[in-house]
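**Student:** Spelled out from the first residue to the last, the chains are:
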Amino acid sequence: MNVTHGPHGYLNRILRVNLTEQTIKVEELDKGFIRKYLGGRSLALYYLLKETKPNIDPFSEANLLIFATGALTGNAGPAIPRYTVVTKSPLTGGLGASEAGGFWGPELKFAGYDALIIEGVAKRPVYIWIKDDSVEIKDAENVWGLGSCEAQEKIKDEVGDKRARVAIIGPGGEKLVRFANIGNELGHYNGRNGLGAVMGSKNLKAIAVRGSKKLKAFDEPKLKEIAKEFAKTFKENNLGYTLFEYGTTATVEALTGFGALPTNNWETGVFEGAENLFADVYNEKLLTGRKGCYACPVRCKRVVTVKDEKYKVNSKYGGPEYETIGAMGPNMGIDDLNIIAKANELANHYGLDTISLGMTISFATKCFEEGLISVEDTGGLELKFGDGDALLAAIELIAKREGFGDIMAEGSHIMAKRLGKGTEKYTITVKGQEAPMHDPRTKVGVGLAYATTDIGTDHMVAPHDGFLTDAESWSFKNAEKLGVTDPSGLFDLTETKVKNFAILNRYYRMFDTIGCCCFGFAPRGPMEVDTFLEMINAITGWETDFDELLKAGERSLVLSRIYNYREGFTAADDNLPQIFYKDMTDGPYKGKLAIDKDKFRELIRSFYENLNWDKDTGYPKKEALESLGLGEFA
Amino acid sequence: MIEIKLFGSLKKYVCGEKRVELAPDDAKCVNDVLLILQITKGEVGQILINGTPVNSSRAFNDSITNDDVVDLYPISAGG
Ligand code: SF4
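Quick mapping for you: the protein sequence lines, in order, are chains A and B. Just so we're aligned, residue 1 is where the first sequence starts under my numbering, counting upward by one. Just so we're aligned, residue 1001 is where the second sequence starts under my numbering, counting upward by one.
By construction, these hints were calculated from the structure, which means they are not laboratory data. Heads up, a few of these hints could be off.
Stated by the list, open to error - Simulated crosslink set (DSS-like; lysine-lysine; CA at most 25 Å straight-line):
1) A:K232 to B:K1012
2) A:K400 to A:K316
3) B:K1012 to A:K235
4) A:K291 to B:K1012
5) A:K499 to B:K1041
6) B:K1005 to A:K235
7) A:K285 to B:K1018
8) A:K481 to B:K1041
9) A:K312 to A:K291
10) A:K477 to B:K1012
To be verified - FRET-style restraints, in silico, Cβ to Cβ:
11) B:D1026 to A:E548: 50 to 58 Å
12) A:E495 to B:Q1038: 34 to 42 Å
13) B:V1069 to A:E548: 17 to 25 Å
14) A:K590 to B:D1025: 56 to 64 Å
15) A:K590 to B:V1069: 53 to 61 Å
16) A:D598 to B:Q1038: 55 to 63 Å
17) A:R35 to B:G1051: 50 to 58 Å
18) B:T1052 to A:K615: 36 to 44 Å
19) B:D1026 to A:V281: 25 to 33 Å
20) B:N1061 to A:R601: 33 to 41 Å
21) A:T233 to B:K1018: 49 to 57 Å
22) B:T1052 to A:S60: 50 to 58 Å
23) A:D616 to B:T1052: 39 to 47 Å
Nothing here was measured: the structure is a model prediction, and the numbers come from that model. Using N, Cα and C, we set each Cβ at its ideal position, and we do this for glycine too.
Put together the whole structure using the sequences plus the hints.
**Tutor:** Following this line, the structure appears as structure tokens:
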């Protein structure tokens, strides 16, 4: 066992770069800060709350862009590569936050920093080059305007280190597309909320980083043993097997069984061509390799090749995962995986969130088909469900903000407001962010997630309901160790549903702070929760337990709530799009499953109560703040 | 015969096959199907008999007869 003193697994150091002043500073975190906040989303929120004023323009100099790793990020264990980017979102006007895996977060820690705070706006395009203690702000004129792949390669050449890891925006971020993302190593994305547009507004193309330090885990042999065992056995677990074999693409099939595959801008959940998108077809038609994140053996990311010359892709961008297949496929009436792979490549080249992108184009297409907009509005582009070439053309227009692309680049929520004419009824957004490809009528916990999450609709804030329906299941037995006591049916609108969601929402938020990928750990992933806890303790030496960790997750939920209310959000924003209060239009549940609006409102009030938030206003009570050690934010 | 269709990861229980047939004498209810194919119940997210969802109680006692088609889907996960 390692007996060195000081923090284990993390550094207690923050790098601060001011692009206006061109200054660089290193700050030490107080001892105990990381144990309290765990890092990641909470660390970043702490600074966003402390150092930004309410109601700033997300694109102004006053906005911060914060990259934060978690206490576990970059240590040599499975599924702990993640980091958060936090800012004020230009898409929602509230908290902007999104996590990514890959390699960039670990590398930032190898360079000696837990987090990077970007302040100000550069006068000309720049990128930041961090090599251990040497930090430079460099001219990016050569790479501004280039797609992610080309720009990344040029930057690596320029800094003379092929093994540098690069967080980067594409031309979409430069053009301030409100759902532009930040990518790293061309396959991992801080996808949602338009973080890439904020980076673009700062004239910051990329952050390249290379570190030479080794992280010190508290108990290296134990960590090694856990990692070795996981690598050997994860495929014996069905969840691990599925992730390796199919990535997330098997979700297409799973949702087909419910008639819940969002189709033609969610007009129906039954998609005729669904079988052409099934996981085996994907593997046969597109798959040429698998890749993953730092130190993770699961390798759930896809490498694809398209044989059809017309839709040929650059394989370095990786292949579409489920959300992209859903948003660009059935949601656009498209059943050709080649076209979906091409749309995915374009989105990654331009640096655009595939969910908001697909959903904004499907919204525009619906408006077009309903006659609410015409070729005069679109500059001649005929938008039609099922028309792959129209989809690809729309992506190009959005990324460049050309013609009709300029209004689509605002996202469907703002676009509908500008278009008027009743188009708003075809948006499916919460807090201004487009819905992912999961229908909450068929899993009500996902509805609670969509409604209450502070970044707008988000499907990654708790394991989906299916993992908690069966008391005998491996997933449920693991959830029991976190405090879940009773299973809950998929469609239940009950207190049990709320209780389970509230526990696991804290748990998943803990993932987002400490640096975990939810695919790694039960109930959703293959590592049992007991082993997971052992791994956390082997890395940090904290001798912590799930009580403390879930409390840290709750702390993070509270911080983001405080931020959003400061920016003008209220309990009325914790709502679902109207479509989910109506019955399914087709499939095995045709004429059923409308979520009862009043009952659902009650569930939200119970959720607030569960967290000790005021049940009417949804704002954390003073006692809640104090019990979490957040009195300074009262 | 009873036709069983398997989706997603559940295919691994039948060596990657998408369909198998069972004799009605062997499989009288959904539970029998899961037992015969040695499918772990907790991995099943949705079952349709002739296109109709089974009772969601997870008792798996819904009966099946000759010529029925049973669709078995895995849990729908996020991501
Ligand atoms: S499970 Fe997949 S996404 Fe998660 S860390 Fe491993 S390779 Fe990355």
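**Student:** If you check each hint against the structure, which ones fail?
**Tutor:** Those not satisfied are hints 13, 14, 15, 16 and 21.
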